[in-house]
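Just need the whole structure built from these sequences, with the hints factored in.
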Amino acid sequence: MNYTLKQLSEIFNFKIIGDEEYTVDKVSSLENASEKSIVFLSDKKLLNMLDATKARTIITTKEYSESFKHNVIITENPYLLFVKISHLFNPNKKNEYYIDKSVVCTTKNLNKNLSISPNVVIGKNVLIGDDSFIGANCYIGDNVTIGENAYLHPNVSIYSNVVIGKNFIVHSGTVIGSDGFGYLNESQKWVKIPQIGSVQIGDDVEIGSNTSIDRGTLDNTFVGNGVKIDNQIQIAHNVHIGDNTAIAGCVGIAGSAKIGKNCTIGGGAGIQGHIKICDNVQITGMTKVSCNIDHAGTYSSGTPLMTNKQWLKSAARFKKLNELFVKNKK
Amino acid sequence: MNYTLKQLSEIFNFKIIGDEEYTVDKVSSLENASEKSIVFLSDKKLLNMLDATKARTIITTKEYSESFKHNVIITENPYLLFVKISHLFNPNKKNEYYIDKSVVCTTKNLNKNLSISPNVVIGKNVLIGDDSFIGANCYIGDNVTIGENAYLHPNVSIYSNVVIGKNFIVHSGTVIGSDGFGYLNESQKWVKIPQIGSVQIGDDVEIGSNTSIDRGTLDNTFVGNGVKIDNQIQIAHNVHIGDNTAIAGCVGIAGSAKIGKNCTIGGGAGIQGHIKICDNVQITGMTKVSCNIDHAGTYSSGTPLMTNKQWLKSAARFKKLNELFVKNKK
Amino acid sequence: MNYTLKQLSEIFNFKIIGDEEYTVDKVSSLENASEKSIVFLSDKKLLNMLDATKARTIITTKEYSESFKHNVIITENPYLLFVKISHLFNPNKKNEYYIDKSVVCTTKNLNKNLSISPNVVIGKNVLIGDDSFIGANCYIGDNVTIGENAYLHPNVSIYSNVVIGKNFIVHSGTVIGSDGFGYLNESQKWVKIPQIGSVQIGDDVEIGSNTSIDRGTLDNTFVGNGVKIDNQIQIAHNVHIGDNTAIAGCVGIAGSAKIGKNCTIGGGAGIQGHIKICDNVQITGMTKVSCNIDHAGTYSSGTPLMTNKQWLKSAARFKKLNELFVKNKK
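Residue numbers (numbering that gives the first Met the number 0), protein chains in the order written: chain A, 0 to 329; chain B, 0 to 329; chain C, 0 to 329.
I should point out that these hints are in silico values taken from the structure, not numbers from a laboratory.
Just to be clear, a hint being listed does not mean it is correct.
No distinction is drawn between identical chains; accordingly, a pair holds when it is met within one copy or between any pair of copies.
Claimed, not checked - Dumping the calculated SDA-like pairs for lysine to any residue here, alpha-carbon to alpha-carbon at most 25 Å:
no., residue 1, residue 2
1, K100, N124
2, K191, E30
3, K275, A315
4, K43, N91
5, K260, D202
6, K326, I73
7, K25, N124
8, K107, L323
9, K260, P303
10, K92, T74
11, K44, I73
12, K61, N327
13, K191, F132
14, K53, Q199
15, K123, N142
16, K318, C104
17, K260, N89
Nothing here was measured: the structure is a model prediction, and the numbers come from that model.
This is the structure we're talking about:
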């Protein structure tokens, strides 16, 4: 795929300092660029890499535009323009429509405008929207609905009755709709609580690899529009996640927690069950959220990194903290 | 499925205040009930929802029985009765017996009273008990034994020689019997320790989605009867989990740890290797268990949630905690 | 498989105290040995088990050699010798070469010296080295390269363009090459950043079950030679892991972190994005690494285990730590 800078400027509306007829064929990092790469720079610390890069075309801000002696594209948000050009060079593969002959599908009259890979198993009464791709070895249970333009990578499991909006992306190993962890204790034995709700997922959601989203106990677990969920995440039954919230890897969200819109949850954080978090909250990595959050802002817990030798002392003292406070009140 | 309240009372032995001939067809939450739903109430805080619910039949305690103007079922533990009725309305699907023609099975004379879904792969000398269901794309290795009435959801992997009791439930993406993480360091290189033990799992165990249980190094990793294990959990080689212990999502249990009976391990907790935890211990969420626990009770670690601004101050001070104590001893 | 002790000594070069013609047929733990087992002892605490073991052959150090009344093999590192003998008794199954008839493979002229299990799906232009085993239901995307002597357990997903060295082992449920978690926020909506790098993995790497390794944004995520990665681990885009580093279960490594050689990362630890960790660093379990580490050594964070009652007091005091320090400075 080749574009001249002029052609790109007609699509994305920017000005070029340099050779408008120069041809580029990909986006690259500064380190691994070739002559036909487009690169970007928005971080002062990387200025010292400009001499060494093989790229001849850079996207940057006005501030740094004179630091590069070849073609320069000036914009206020270089990374955003770079990303948009990257989408142009790296389109989602539009496969021709096909259903592999190894596919086992119990649904009659499945939509034909689909690409369904080998060994996929599809239950009864499934609806999948136009232009969707289903990767190898995926399982889609009875009565599942998936909107148009979905991309399921291989080895995804979607249980019965799950409902998913349009433009869905999900990576391998992810499970949607498994039973919530619900038991009652009767005479020292656990009685399973039937998990008869399902999972409802909005539009424009992406979910990473090896993540789990449990179905609700009675009603649905809910994931709003535009939510982004990383790898290795646990979303328990009855959880509610507001629109455009982003959740980084290894987060665990316990049952019935309700998270607002436009939140970001850092990697490895844990949200206790039945907690409510309001809109526009940031949780830093590995924080334990054990109480409601009613005000937008950034929240944390934990202790900082120390050498093990120093840490052992502070940790031992932590156990005596109350006594020290009591002593100091005297 | 329809039952009159009288029919239900004959099965579950309760008294009805209201219309014994009233027909119900499902269990529901208060919010999403319809006229033919059964709902339950045991939490005072939800009393204000009774006016709005469309349900006409409620299970509750004597204390709240006069708060609802329609049919009332009185019992000491409303949720437990509700769960039992939910099982009646939501039976495990008893599929007819079948082995899909795409199944690849090396075992001769496999039990016939089974439901085996498409693309399942089964090794040699496998024993699967009556009335078991094996979901699509599961893998069952050589010499595996699974008791009667098992339910394997799709995409489960069970390695060779694993032994599992009856009434087993396991959700998608879970792996049982993968090699433990065992290496010896010889001249800065890791030498793999062969993992030749297996995994032994008792009766009435349920395991969530995307969980890993490693096989033992020499002997077996052990999971007792009635144990309940949630999603995204790591159980390392040689771990021993006592009967009826329940382990919430994202817990990691390191090698050779021994956990007692009737324990509950909160989400995201970590149990260090070779630790012993006695019976009847509760570990709160995200706690690090770094020493033996010899007495029943509840245990914790970590720091509470704070605004990031406040937390940064406390965290910095934590590093100087020893100095403060030393100063205070003067 | 049977060996006399003399035969073993010719392979591994050790001296025997006892009957050189004694035949052994397996390695075992002290508890579950039989008469023909080889066991080992290097821990003083286990001396009291020697009377009860049924084994008649033990590997131990000179120090304990007189504590056992049957055959004794003396060596400086008993466990290492035991492991080497275990490899002899438990060789990797060398299956005959075969490609199951259910395999779907788009690559023309795939190497023939392979064992490929049922329902495997292989894309275009894939190269797999001699003597490799591909387990059931694995997916291998277009342009993947895997070195000789690989062992992929069932249900592994490898995305397109991933490059892997020789002697690779990977366990079930693991995903290599899924998209990194990269978005730009434009007017409160997340714009996906195309993840067009890949993953490069060195020789002699083992990866556990249900682990995720994301592809790089522009360049490759990198895993060095001899790296060992346990179960349930998240390795984000652009991460770099140096040779012979070992990473225990449930660790999360955020984007662009760079970890040195010969490090060990304890279970449940979290490494923040863009952090640099030098060679020969040990991180203890559940530690949060939130700043660069420039000196070899052991590092920790967190608080110690306490009864919940005591912990609640210390935790409450932690929030007031700054005030206490300020007061003490007066």
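Legend entry - Alpha-carbon proximity between K260 and D202, which holds within one copy, between copies, both or neither at 25 Å: within (14 Å within a copy, 43 Å between copies)
Inset, instruction - First find the shortest C-alpha distance between K43 and N91 inside one copy, then the shortest across copies, and answer within, between, both or neither for a cut-off of 25 Å. - result: Classified as neither: same-chain Cα gap 32 Å, cross-chain 52 Å, threshold 25 Å.
Inset, instruction - Using 25 Å as the alpha carbon limit, work out where K260 and N89 are close: within a copy, between copies, both or neither. - result: neither (30 Å within a copy, 34 Å between copies)
Inset, instruction - Give the relationship of K123 and N142 under a CA distance limit of 25 Å: within one copy only, between copies only, both, or neither. - result: Only inside one copy: K123 and N142 sit 6 Å apart there, 33 Å across copies, limit 25 Å.
Inset, instruction - Please work out whether the CA atoms of K260 and P303 approach to 25 Å or closer within one copy, between two copies, in both situations, or in neither? - result: between (29 Å within a copy, 23 Å between copies)
Inset, instruction - Could you figure out if K44 and I73 sit no more than 25 Å apart (CA to CA) within one copy, between two copies, both or neither? - result: within (18 Å within a copy, 58 Å between copies)
Inset, instruction - If the cutoff is 25 Å on CA atoms, where do K25 and N124 land: within, between, both or neither? Let me know, please. - result: between (42 Å within a copy, 22 Å between copies)
Inset, instruction - Could you place K92 and T74 in one of the four classes (within, between, both, neither) given a Cα distance threshold of 25 Å? - result: Neither: 29 Å inside a copy, 59 Å across copies.
Legend entry - Intra/inter-copy verdict for K326 and I73 if alpha-carbon distance must be at most 25 Å: neither (62 Å within a copy, 53 Å between copies)
Inset, instruction - With 25 Å as the alpha-carbon cut-off, assign the pair K275 and A315 to within, between, both or neither. - result: between (33 Å within a copy, 21 Å between copies)
Legend entry - 25 Å Cα threshold - placement of Q199 relative to K53: Answer is between; shortest inter-copy Cα gap is 22 Å, intra-copy 48 Å.
Inset, instruction - Could you place K191 and E30 in one of the four classes (within, between, both, neither) given a Cα distance threshold of 25 Å? - result: Answer is between: at 22 Å across copies they meet the 25 Å cutoff, but 55 Å inside does not.
When each numbered hint is compared with the structure, violations occur for hints 4, 6, 8, 10, 12, 16, 17.
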